[in-house]
Amino acid sequence: MTKDAASSSKLKQLVHDHRLAASFLTGSVLTGLAIWGLKSSYKRFFYRIPNSDYVTPNMLKSKGDLGNLGGLRIKGFVTSVGDADNFRLYHTPGLGWNWLRKVPVQKTELKHRTIHIRLAGIDAPELAHFGNPAQPFSKEAFVLLESLVYQRMVTVDLLSKDRYNRIVAMTFVRRWKFLPFTRNVSLEMVKAGLATVYRSAGAEYGNFLSQLESAEVKAKKRKCGIWSLKSKEYESPRDYKLRHSNKNN
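The sequence shown lines up with residues 1 to 249 when you count with the UniProt record's numbering.
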């Protein structure tokens, strides 16, 4: 073999080796991306969040980020309504619910398996509890929330976690079962005069603050619900809780 032929052979081998290395590297990168994509897709679309303890900070909204979507958007079945502004959600990711998979119905089956949701952006009249009397229109507010979400599929945008380990979320429910049009549950409560706009440090509104405030102004003008009370009879849910908190301390 001549010197030129030997050099050419070595060059071809070198090129071949580089191509093999590049091919291997590309394959490794693509495999890694595929695994990462599958893992991310599983977490976002198929992983069932058992309860509030499993809601991590990266599932929640970053301030000023992602617009209306807030943090993670999930869907689920409402198993119970505890008060006029919170409920329990059984997360139902993926497909096949009520067909291939069933939502548990027994309390023992649901224990530690639901997410405690607090409606974002609003404060509703307080029901009687802990020996404290019910606020006016608290029962009506509870009945309205129950009629909107109880034993129905809802969509929630996860926004934050409060000091009671509840997930503050903007909640949406379909107007009609087989059509995609939805109602904002917080907004419906304010429109009916059965909730006020929640105004406190750390309040979460998604991008709905202006709509909530507008709905509150209209409800006041129409004297709906709590706004039908005379000024001396009215006490906001926030003031009610503060008064009873101070009394009990």
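FYI, nobody ran anything at the bench for these hints, they're computed from the structure. Mixed in with the good hints, there may be bad ones.
The calculated lysine-lysine pairs, modelled on DSS-like cross-linking and capped at a C-alpha distance of 27 Å, are [as the list claims (entries may be wrong)]:
#: 1; residue 1: K75; residue 2: K241
#: 2; residue 1: K218; residue 2: K139
#: 3; residue 1: K75; residue 2: K218
#: 4; residue 1: K241; residue 2: K223
#: 5; residue 1: K220; residue 2: K139
#: 6; residue 1: K232; residue 2: K177
#: 7; residue 1: K161; residue 2: K107
#: 8; residue 1: K230; residue 2: K241
#: 9; residue 1: K221; residue 2: K232
It should be emphasised that the depicted structure is a prediction, and the values quoted were computed from it without experimental measurement.
Does the structure break any of the earlier hints, and which numbers would those be? 1, 3 and 6
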